[in-house]
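Engineer: The sequence shown: position 68 = 97 (this note's numbering), numbered continuously.
Across the chosen pairs, the derived CB separations fall in these ranges:
| # | residue 1 | residue 2 | range |
| --- | --- | --- | --- |
| 1 | Q179 | A75 | 38 to 48 Å |
| 2 | D158 | R73 | 38 to 48 Å |
| 3 | F107 | D191 | 33 to 43 Å |
| 4 | M74 | Q179 | 32 to 42 Å |
| 5 | F107 | Q179 | 27 to 37 Å |
| 6 | R174 | G82 | 16 to 26 Å |
| 7 | G76 | S189 | 29 to 39 Å |
Calculated from the structure, these hints are not laboratory results.
Idealized CB from N, CA, C, for every residue including glycine.
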Amino acid sequence: MGIRGRLPLVAGGLALLPALVVALLPGGGPAGGGQGAAAGIPDRMAGYSYLTGDVSSSPPGRAVALFQHGFGVEFMDFPQAVTVGAEDDVYRRVDLAEDRAGAESQGDPAPMLLSPDGTRVVVGDHDSDRPDLAALDLGTGEVARYPLPQGRSAVPVAWSPDGGAGRLPAGAAPRPP
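Could you put the whole structure together from the sequences, leaning on the hints where they help?
Structural biologist: Following this line, the structure appears as structure tokens:
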């Protein structure tokens, strides 16, 4: 068998090698513990990715953390609002916060706050003609809007102890991000 005959065999073997390595690695199974397991922070946090799914198209369920990945817009880098799932290593972009951000935020997501039980994210706005709070359900991806009677900004700062209502400073003037 000559070089031309061995080349397809070598190429095929190299193509199967990664699958074989993954199949033989110890551990086997997801890191999450399922619905009854206690929530916890993953041992490694996912890096910045354009491919991270969003809550509206694929709700993650209860979250253990909400954070902003990146600050300000730079070349090919857009800040992301990200939740970390409580039961599994599931990361989702909070597209509601990213969509509500205005020009005053220079690309950063709108102000947001995770509920104490990790089931909702409330999102405000730094500058709006019709201020409101939007509550995002992380289990369904549905959004409930709560209009505010006056003001130009709504920045969520705290939840009530029972998680039933948010607290915010609302002002007649826009709030800087």
